[in-house]
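Novice: The primary structure of each chain is shown beneath.
2 protein chains.
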Amino acid sequence: MSLLVVGSVAFDAVETPFGKRERMLGGSATHFSLAASFFTDVRVVGVVGSDFGESEMEVFRARNIDTSDLERVESGKTFFWRGRYDFDLNTAHTLDTQLNVFADFQPKPSDAAKGSRFVFLGNIQPDLQREVRESVRGAELVALDTMNYWIESARESLIKTIGVVDVMIINDAEARQLSGEANLHRAAAKVREMGPKTLIIKRGEYGAAMFSDAGYFAIPAYPLESVFDPTGAGDTFAGGLLGYLASHETIDDATMRRAMIFGSVMASFNVEEFGTERVARLTHEEINERFRTFKRMTHFDEIPFERTGR
Amino acid sequence: MSLLVVGSVAFDAVETPFGKRERMLGGSATHFSLAASFFTDVRVVGVVGSDFGESEMEVFRARNIDTSDLERVESGKTFFWRGRYDFDLNTAHTLDTQLNVFADFQPKPSDAAKGSRFVFLGNIQPDLQREVRESVRGAELVALDTMNYWIESARESLIKTIGVVDVMIINDAEARQLSGEANLHRAAAKVREMGPKTLIIKRGEYGAAMFSDAGYFAIPAYPLESVFDPTGAGDTFAGGLLGYLASHETIDDATMRRAMIFGSVMASFNVEEFGTERVARLTHEEINERFRTFKRMTHFDEIPFERTGR
Chain A
1498 MSLLVVGSVA FDAVETPFGK RERMLGGSAT HFSLAASFFT DVRVVGVVGS
1548 DFGESEMEVF RARNIDTSDL ERVESGKTFF WRGRYDFDLN TAHTLDTQLN
1598 VFADFQPKPS DAAKGSRFVF LGNIQPDLQR EVRESVRGAE LVALDTMNYW
1648 IESARESLIK TIGVVDVMII NDAEARQLSG EANLHRAAAK VREMGPKTLI
1698 IKRGEYGAAM FSDAGYFAIP AYPLESVFDP TGAGDTFAGG LLGYLASHET
1748 IDDATMRRAM IFGSVMASFN VEEFGTERVA RLTHEEINER FRTFKRMTHF
1798 DEIPFERTGR
Chain B
1498 MSLLVVGSVA FDAVETPFGK RERMLGGSAT HFSLAASFFT DVRVVGVVGS
1548 DFGESEMEVF RARNIDTSDL ERVESGKTFF WRGRYDFDLN TAHTLDTQLN
1598 VFADFQPKPS DAAKGSRFVF LGNIQPDLQR EVRESVRGAE LVALDTMNYW
1648 IESARESLIK TIGVVDVMII NDAEARQLSG EANLHRAAAK VREMGPKTLI
1698 IKRGEYGAAM FSDAGYFAIP AYPLESVFDP TGAGDTFAGG LLGYLASHET
1748 IDDATMRRAM IFGSVMASFN VEEFGTERVA RLTHEEINER FRTFKRMTHF
1798 DEIPFERTGR
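Line by line, the protein sequences are chains A and B. So the first sequence is numbered by this note's numbering: it starts at 1498 and just counts up by one. So the second sequence is numbered by this note's numbering: it starts at 1498 and just counts up by one.
Simulated from the structure, these hints should not be mistaken for lab results. Incorrect hints may appear among the rest.
If several chains are the same, the list does not tell them apart, and a pair holds so long as it fits within one copy or across any two.
Derived lysine-lysine pairs resembling DSSO-like cross-links, with alpha carbons at most 30 Å apart [unchecked claim]: (1) K1687 with K1517; (2) K1694 with K1792; (3) K1611 with K1792; (4) K1694 with K1611; (5) K1611 with K1657; (6) K1605 with K1574; (7) K1694 with K1657; (8) K1611 with K1574.
Go ahead and model the full structure; you've got the sequences and the hints to work with.
Specialist: Here it is, written out as structure tokens:
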């Protein structure tokens, strides 16, 4: 198996200015694995309750996602999150969080999972992330997401985990909070000093940036006339990015750059409809079409200025 | 003469977390013309008072900027602005504005000025912008800047002016305010319906975007570890952009794209020191070096994804 993700599998209730859903499939591991499944084989480590039904399992199965490490706790209910977005779709307002079976989640990767080449540590408690990371000893590349809650409440544990990963994927506010630096480029330098050779910053409607030994790489977001539901965009980005990387034998800076684009493409589809609805029925041709659009919308010729005497 | 700018020439007092200046050369026409002067010949239409001295005039002269249309009112004082930036350098807090001779400014372009190929209507009252635009009948390309104040207080006049320009250069908040659309791509479509074939959106630390018949083009900002004083960044961007365009016989989409990069490069220098200090002593080699860096930090290979069966 090439790509392992540990994270939440959840039911989401979401309300935006454009509509609402009372109960739909969500969670970081869900969004991540769906996006990654277009590029590579994915295995999910997570936990659900007895309310997690056949129709939800079918979403994973239809995309060939391996759910044999998705634990099912019959005595409990699946993690539930209720959120609302205003017209400024950048900020999620949490209305309700019911951890349910997720409260006592102890990831127990199978031997097959422990043999993964690539690992994504989705946004869960940093000690658990580190345990998973350490159980997959031979991993070629381990990437980490986190959030403001862990930066505040579990800083020491988080910094230990950051020390044992290769790639960190967070948003700009989190990078600033973690580093204590307002300037993004200084913040990035400080975060990279904590361990990850590569730091990827998600900037929502403004795109994404990558800081690594190979230098700085920055891209705008895919242009969208309507954003419907941003829930899961960050995990979908990470899924496209790591899924694309995992489809390669070797990874260099050029591969990382294209992976950033494929991550952005996947996120652009995710936000166009509620939950997993759009990504679940994507095609490779649609993905490549937006990849090509990305090239068209960022290309310019490298012709330096020469004063002609006009 | 190839490029004409009408706008403010001012004294600025600026305080940032990194230092302060009690009185330095500023104003939209100043920042614009200095940046443009690296690419083409520039002429300034504006007004100053008797306190505008030789050392200020020398800044223009040193860059070969034609100031014969810079009116001098001996009975008055030069426009004065005092502002403060907090650690979030994106927002200027105005502490004092003394319009002085600028209050009764009536642009009177000379015949030479009226023969300009390119015109930049800097951020002044929209009726005055339109008068200048109409006086330069043969102009190949006229670009417009404005601000929230005119969008609120002179909306009808502004919309008339927008109807007679080719390019509009504003920031994202202004585009949203002008169009009443929260989504930037819808906002851009509405603004372009008002007249300008090309709309350029400045996004500060997030870069810039261009909307035209040729499609969408978007770039990140040049990466800076320290931003010292953002005053004049937008006018410096416009100056680099239009200066570069004016150095060309014909303008196509590829030229417009490179002009966006040169505009961003000029703005990146402007914010590194107070006022005009950094741009005034720039070299073409420094400009081209950042242009090349822009290419390196945005390039990726156009290789669509093909599932290999891994």
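Novice: Indicate, hint by hint, whether the structure satisfies it.
Specialist: Here is what the structure says about each hint:
no., hint, in the structure
1, K1687 with K1517, "between (40 Å within a copy, 28 Å between copies)"
2, K1694 with K1792, "both (26 Å within a copy, 23 Å between copies)"
3, K1611 with K1792, "neither (37 Å within a copy, 40 Å between copies)"
4, K1694 with K1611, "within (22 Å within a copy, 56 Å between copies)"
5, K1611 with K1657, "within (20 Å within a copy, 66 Å between copies)"
6, K1605 with K1574, "within (19 Å within a copy, 75 Å between copies)"
7, K1694 with K1657, "within (15 Å within a copy, 53 Å between copies)"
8, K1611 with K1574, "within (27 Å within a copy, 75 Å between copies)"
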